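Peer 1: Chain by chain, the residues:
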Amino acid sequence: MGQSLSSQLVNLLAAFLLLIAFAMLSQRRILTLIRLFAWQGAALTASTLIVAYTTGQVHLYFSAALTLLLKVLLIPWVLHRLIDRLQIRWDVETLINIPATMLIGIGLVIFAFALAAPISELANTLTRATLGIAMASVLLSFLMMIVRRKAVPQVIGFLAMENGLFFAATSATYGMPLVVELGVALDVLVGTFIFGIFFFHIREQFDSLDIRHMEKLKQD
Amino acid sequence: MQAVSSPLSGSLIVAAAWVAIAALSLAPSGNAFFARKFAFPLGTLAGLALTAFGLQAIWLAPEQMTLPLGLPDLPFHLRLDPLAGYFLMLLGAVSAGVSIYAAGYFRDETAGRLALIALEYHLFLASMALVILADDAYLFMVAWETMALSSYFLVTTDHKLPAIRSAGFLYLLIAHLGAIAILLCFGVMSGGRGDYTFDALRAAELQPRWATAAFLLAFFGFGAKAGMIPLHAWLPEAHPAAPSPVSALMSGIMLKTAIYGMIRVIYDLIGNVRWEWGMVVLAIGAGTTLFGVLYALMQHDLKRLLAYHSVENIGIILLGFGMSMVFVGFGHPAAGALGLIAALYHTLNHAVFKALLFLGAGSILHATGLRNLNSMGGLIHKMPQTAFYFLVGALAISALPPLNGFVSEWLTFQTALQAPILKNGVVRSLLPLFAATLALAGALTAMCFVKVYGIAFLGRPRAAPTQVQTAQEIHDAGLMERFGMAWLAAGCFVLGLFPTSFLLMLNRVSVSLTRQGLPEAALESNWLWLVPIEPARASYSPIVFLIVIVCVTLLTFILVHRYYHGRVRFSEPWGCGYSEQTARTQDTADAFGQPIRHIFGPLYLMQRHMPAADDAAPRFSLKIHDRHWYWLYLPIARLTEYVSSKIALLQQGKISIYLLYSFLTLIALLIFVR
Amino acid sequence: MEIALVLGAPLLGGLLLALVGHKRWAPELNAAMSLVTLGAAAMLTGRVIADGPMTAMEEQFFVDPFNVFLVALTAFVGFTTALFSRPYMRIEEHHGRLNAARLRLYHSMYQLFSFTMMLCLLSNNVGILWVALEGATLSTVLLVSLYRTPASLEAAWKYFILCSVGIAQALFGVILLYFAAEKVLGAGGTALLWTHLYQVRGQLEPTVLSLAFVFLLVGFGTKVGLVPLHNWLPDAHAEGPTPVSAVLSGLLLNVALYAVVRSKVLVDGALGHNFSGGLMMGFGLLSVVVAAFLLSRQKDIKRMFAYSSIEHMGIMTFAFGMGGPVAAFAGLLHMTVHSLTKSAIFFTVGHATQKTGTQNMADIRGLIEQSPAIGWGLILGSLAILGMPPFGVFTSEFMVLTTAMHEQPWATPVLLVALGVAFAAIFGKVQPMVFGETNLRRLPHPPALVPVFVHLAIVLMLGLYIPPYLVDWYRQAAALIG
Amino acid sequence: MTDAPGIAFQILQSVFVVFAAPLLLGWANQCRAWLQNRSAPSILLPYYTLAKLFHKDAVIASNASPLFRITPYVLFGCMWLAAGIVPVLATDLPFAPAADIIALVGVFALARVFSALAAMDIGTSFGGLGARREMLIGFLAEPAMLMILFTAAFISGSTQLNTIVETLARREFAIYPSLAFAAVAFLMVLLAENARIPIDNPTTHLELTMVHEAMILEYSARHLALIEWAVAIKLFAYTTIGIALFVPWGIAAAGDWGALPLAFAALAAKLALAGAGLAFLETLLAKLRLFLAPEFLSTAFLLGVLGMLTHFLMQG
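Residue numbers (numbering that gives the first Met the number 0), protein chains in the order written: chain A, 0 to 219; chain B, 0 to 673; chain C, 0 to 481; chain D, 0 to 315.
The hints are simulated quantities; they were obtained by calculation from the structure and are not laboratory data.
No experiment lies behind these values; they were computed from the predicted model shown.
There may be inaccurate statements among the hints.
[Said to hold, decoys possible] Once the Cα atoms are required to be at most 20 Å apart in a straight line, the calculated EDC-like pairs of lysine to aspartate or glutamate come out as: (1) C:Lys298 to C:Asp362; (2) D:Lys55 to B:Glu571; (3) C:Lys298 to B:Glu640; (4) B:Lys653 to C:Asp299; (5) C:Lys354 to C:Glu58; (6) B:Lys653 to A:Asp209.
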């Protein structure tokens, strides 16, 4: 696989990643959301693998494996189990209507690209344009967290943001040192479990995972 | 002994001794043994020693010292110059009287309270000494705020009363705001060089704009502590709230540290005084003077009344100080020196007589449990000695010759009469007007103390026996208390009768500050005659005055008794022949102020309840509110409240909104970076 | 060696207590482990002060005066808080707010939290620092919701979401930093090590670093509690158990600020001008002002002191942003005195709320009457935190303000107004709680008040006298920060 | 300053003033009676009254304090001191430097405070009422008086009455508009301070109007005599202050025995005029309501200020 081909592939995957981020932003159904999240993980794994293969960085294979394990398999599975146990299948409600969100999202993408452009010039990696996409998907996930009203989509948004970050790490820098990646992965894993615990606690206390119930602590 | 021989180290040892007494007072022992038996007498001795060191320092060259404490770049600097020496003397002498009084006054406190009082009391004294000794901004601020803090805890000794709590709060708040202004003032003075020793501040040449800013900040900051309007609000609340010896310390000494600070900063550190500053000081001083006395006349709580008089006297000090600044600003340092001397002399005088009056009020409170004048009466029969000392204080504060209050007011008048040497026509004609406010205030003070003395000590007891401890229980002050009062009363006489020696001291202070003192003619006159400028222009001899008046009075007495008989019959009061003369027909404190309320009506915010014609139980009640609350304090409080209510809208509890804040912050910063 | 002990003791403690944390003697074990940490930290400090900075384990850990200072502080406050939490948690159990299982969670997480903070401070690797900071969030989030009340769940949820999102931004910053460093240091391990980054900071790409700093500031700043990223902080402080509030305020915020300051040093080196300082001063000032005005609106005592923490973090951020040896010195000193004072306040607040059974300030009255030690501790602590001399908080504020007067004259009046407003607010609330009439209940266990007065005594001493070796140490640290 | 003739002059003047003072009062009363078409009492009536009072037994309320009993002596002493300071017959008296005009005002204030305190001592309703009214008038009159004195002090550059009188008496005749204002103000203050119409009426004992009399209701016999005498000296002292400030011509220097007869003659003439003028004014004016007193006195104060400002304006 030549440099250009792999860089085209990575770019393609990057575009895919961004597309999924948009899809998540507009998605109303929670199950689909989880599925999209898994797909995003898959794209991330693929791109990591490509970069690893092209550059011959061994630790990136580990990284890819970790991503696959964690973000494609384990976390979606946990989330599935959770919503099964908690019986939440209803449609996702948003605070702002979806077209408006999409418009803002597009604005964010443009902004991220503009921001990343001068930095991308500096990159000597094969995937220079991807930094902008990574940043855009981080921001889109952020936006998603803002507009969602339920706890579970918020968490998915957070995890998607983590995906964007991972993508930035692999595509822009050929991955962080392994020990860091492991640490980050551990944090994500523990975080997910704690989220899970929380869902139960919240559910127990409020009979719902709607975060509107959690607006009691405020200034008056 | 080498260490003690230097006034600076001596003063420092005194301060350390006070701290040590404070620490020992806390030592757990049966019934606070140390605090009860030794703390206050030892504190008195320390005070006397400090008086001696202060007096000594007035005549010596400035002395400096650095302690290995404080900030790494700014260790504690100490300096004792004549100005500091003068104030140390004030602190030592007045506190000696108050401490010995306190030794008796606090005798019957419970152990816990006594230990705390002794701790805070002596820390308070030590911090005041350090304020005066400080020679860098950091030590000054530390001592200054420690002073505020220790006195705050003293004020809130009886914290179970809500009024005392709110008084304490207000006190510490305004003190702290003042301290913030002072800190900012030091910052302005340092002019960005970052050296905060007073030596460096003294050396700094400020642009006029910045010098004016520094002056305003200092004036605000110290004025808040001194209790000038409109920052006085805490004073009439806090001073009465404290136990009486503490009130005496606060009114007598603590307010004076503010005057000290003002003089130190404006004359010594900023330098190059401008006459416009003087006009500001004069305007505020005149307002403070009149406000203080007019509100004092409205009070029926004795300690509150005295507190308002402290406001007034601060105004008088400011008048002298302001005139001094005007003269110095216009380039008449000799006249300026006279004003400064007048202000400083009044500072000492007020310290002495106000402490005396507060102690007297404390004795009344102890004996009768009363602070309300409307319930007092006839105490001169039960506590004749206290009555005598209080009379001395009352005459002194009313600026009556030959006591001390008169001398300093006289000097202030003399300063005002220097006005013709000024070139500026407006200022020249304004100065005597400021003197007129002083005259008015003096006369009103006399009225007020006729009221106080006449109602508290003279006449017949007003309160029903149930309100007071039964008549037998009312006793004169104890030995220690009387000793303290006698010391201060003697001070009133000494300061009133021998002003010339103090004039020389103050001249030295003035020379050390402004390099200019009184004219030669003034200094050459002998101890008998107080001559501020030259004998032909003005002179006053309290000794001759006293001797003549005593001789004449005695002569009259002897002549009358020699040539006529001394027969006396006693009977019921005549009272124009009216038969129904009960104690309730006497004037009350409120009634006494009635003409003033009538004349100065618009000044007061009155809440009056008049009995109707057919009231079965007619009651008259009157509440006077301070207008400053309504145009200054409450609006500021409301503004703060409003701003914070708007800021609180940021926090609505919605996590999405919070995330949005983070998001927007991020975006905004990213745009900013681009 | 000492490093291993400093890190190992709390980690081991966390694991042990996960097993036995519900036993009767668990609080003592907790305190003992903290004591071991403290001892190790003291040894480490002694060594660093004597021998200068050092690294360990293939440069993965390093110690210099700056972080060893925080290590010592963290270990000390961690230990005193463990002492305080001994009776405190027992009383909570006695009052039926907690059960044995939760206590086990608490003790275990307390140690793990210490571990993450120590890791964060000692790690030479920016990435590990990030991981540890995220770990600190994860270990405390369950502590915040320990009582499982609706309010505590809500607080913990907000804490978790806001901090995780915030810290994710920091990760992006780290990636950008790595991206820039990689060009100079080459891919691999060394490009994320502070020591190496510090050496080559002049060669790093300025555009990337300024971008990285924005992400790092927003990320770590969320944990510092900078306005407007602070919204999790009051909730988390108010709803968690008081020892947790004490360590959050006293330690975690410091650690987060430590991360910000480290980043600033790099970015300043790369940019050659005070870009990051400007941002920090802006955030610091905003935090001070907003927090000061919000103080007066608080009804919950812990919440109020949480805002006070925001205010003080603002002051420190401002000081570090201003830069220069004096301001940095002041910032470090302020970290110290704030940690000590604020944790002391939380100790007294904890017992006060236990006595009254409420955190509502309107219902707490007359502490000084019933339990003089708590009352005095609270009012002296409050006055100290408000910057009243002779307490040490004033010392550092004095240095910050006087430096600001010639570095940033415009900011000084703003700071002073905010300090005045804060004074009125806090003091106005504390005084009625301390003074006045009272009817409080007795506590089933004697409260631990020695830590309160030890802290206050140290703060008082720092207000009057800073020992030369401490000055020396701070100066070395300040020189590193610049 | 303290030479023998000076001291002789001082003693002479002091004794003279004390014994001449009731005469002025008698003269004024006589004039007033004439003006009001009444048959006049003897000019010596005040002396008879004093003699009568001194011979009576004193009656004192049983709850009187020592303050009550020493007050008459203090009052008398104060007034005597004042009379010794004012240059009545001669300037350069040896006691004069002991007190300048400000101290003089202080002496009057001291006397006022003592009389007010004594009034409140017995605890009758009238005493308090009188004291309150007296202090009210006092606080209004005192600043006005100071303003007047300041005007004179500015002209002569001194607050020593001596110097003022010498400056004014020895100078070439000139019209000082400022002094004109001051003179009118002084007259008003004099009326108020000496409890004359329109502020007070020395002959009334109506509770609605009396001020000074209300304060001394409880006094009798020798105490009352001393007070009445002191009142007479006060009037005399005020009149002579007025003379010294506004028409000082003819005064002798201390020790100058030759100038003394002329000084006596000039003083007698001036006092006779002043007494007659006082009686004339009291006949012409009606007693003011008590609450118009502040208006009256603030007018005096303003005139004093105006005089002072005029001085500064004219002087340029």
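Peer 1: Taking the numbered hints from earlier one at a time, note which ones the structure violates and give those numbers from smallest to largest.
Peer 2: 5
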